[in-house]
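Q: Chain residues, written in single-letter form:
2 protein chains.
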Amino acid sequence: MVRPDMPKIVDHDERREALCLAAAKLIHEEGLEAATVRAIARAASCSTGVLAHYFADKDDLVAHVLAFVNHRPIARMLARLETEPVPASVISWLDEVLPLDEERRMEWSVRLAIWGVKPNLQTFAPIGQSSWIDGSRTLVELSKARGVLPADLDSDDFARRLTAAVMGASLCAMFEPTRFDPEWLRRFIADTLDEFVIGGVSAATLVSA
Amino acid sequence: MVRPDMPKIVDHDERREALCLAAAKLIHEEGLEAATVRAIARAASCSTGVLAHYFADKDDLVAHVLAFVNHRPIARMLARLETEPVPASVISWLDEVLPLDEERRMEWSVRLAIWGVKPNLQTFAPIGQSSWIDGSRTLVELSKARGVLPADLDSDDFARRLTAAVMGASLCAMFEPTRFDPEWLRRFIADTLDEFVIGGVSAATLVSA
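Line by line, the protein sequences give chains A and B.
Going by this note's numbering, the first sequence opens with residue 179, and the numbers climb by one from there.
Going by this note's numbering, the second sequence opens with residue 179, and the numbers climb by one from there.
Think of the hints as simulated: they come from the structure by calculation, not from any bench.
Hints may be right or wrong, so weigh each one.
Same chains, same label: a pair holds when it works inside one copy or across any pair of copies.
[Stated by the list, open to error] PhoX-like mimics (lysine-lysine), calculated; alpha carbons at most 25 Å apart, straight line:
#1 LYS203 - LYS322
#2 LYS236 - LYS296
#3 LYS236 - LYS322
#4 LYS296 - LYS322
#5 LYS203 - LYS296
Computed from a prediction, not measured in an experiment: that's the story for all the values here.
Only chain A is shown next, with the shape it has when bound in the complex (with noise of 0.2 Å):
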């Protein structure tokens, strides 16, 4: 995507984005433990200088890779409500989150690997991060606004539903591919999600929609 005539990255926010993307990919592929400051330096090609600027420690650079891994799935179904804003979609939205490829199993096993050592992290996003929960109660207030869900809809307790099946849903995908292949995890969210009646037609119809 970045081509020679492009104007170097100076945005502050981006460029830690950048510098998280580079750490999730090494937690991914080698674990937290091997992920140190100098060896995402390394994989990020610049100095530890640098990552010293955007993170105040190696506790503050995890805690903004979590954050970040949790809002990609997020933005991803914020920008196909922009442009899908169809009833019949909602369901599929989701797949967003799923571990159903390559770069979405990487943001789960990012997860994975920072619950391990920090199982508490997820509720003190960075400032600035929604955490996952608040996430999904974004996006279900929004879908709500837009006449997608219901307006009488429960925000809270449809986003702690959501939330709860999405990852019971992915942790089973994670260990057993096979076993919970895609088709059964849309199914099992909709199940789980039916009897909220979305756009007039039930959840469950809309899997195969």
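Based on these hints, arrange chain B on the given structure of chain A.
A: Only chain B this time, still in chain A's reference frame:
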């Protein structure tokens, strides 16, 4: 539980379980990295030589510890199946796996710690110990045989649903125990399994039973 007049534990499996328990507690309290063979031997009041007698290496020990914490809730549920063979208690049996007290939170924190460095370990539990999902399936089969679940239930699909719902609910409760309180967790799991009528009563109805 151990009184001075009780015989020393000499049974090989029992001794190995006691070592797994000591290791699990250490992993829960100090993390997987801190749980060296030496530290586990100290916590279990034995020599590293004794540990070497029961486990080939650290990887083998970690695989046994994961199988141990995964087997515990299954064993507790099987015990309840023996002593409480009443359909109305099916959903409450699942409390045995949810992180509702310090012991069950310890089991979940050990799972998270091990999955964080060995995301593929779930599928190769040591011989003689079933994997999580196979354990769920065994439980479903036994419940069907006892008439607690309908005989024509698809055991494999039901076990997958049960596993995904319980994993998702448990992870959420580990991260945000207040937001995902016990009542919410039971309701979520019951709703997820609700299309399956249990003992002539819907699963959701059984939550408050």
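Q: Evaluate each hint against the coordinates.
A: Hint check results:
Taking the closest pair of Cα atoms, LYS203 and LYS322 never come within 25 Å of each other, the shortest separation being 35 Å inside a single copy and 45 Å across copies. For a Cα distance limit of 25 Å, the shortest separation of LYS236 from LYS296 qualifies both inside one copy, at 12 Å, and across copies, at 21 Å. In the homo-oligomer, the alpha carbons of LYS236 and LYS322 never lie at most 25 Å apart, since the shortest distance is 39 Å inside one protomer and 51 Å across protomers. For a Cα distance limit of 25 Å, the shortest separation of LYS296 from LYS322 qualifies neither inside one copy, at 34 Å, nor across copies, at 39 Å.
Taking the shortest alpha-carbon separations for LYS203 and LYS296, both the intra-copy value of 18 Å and the inter-copy value of 16 Å come in at or below 25 Å.
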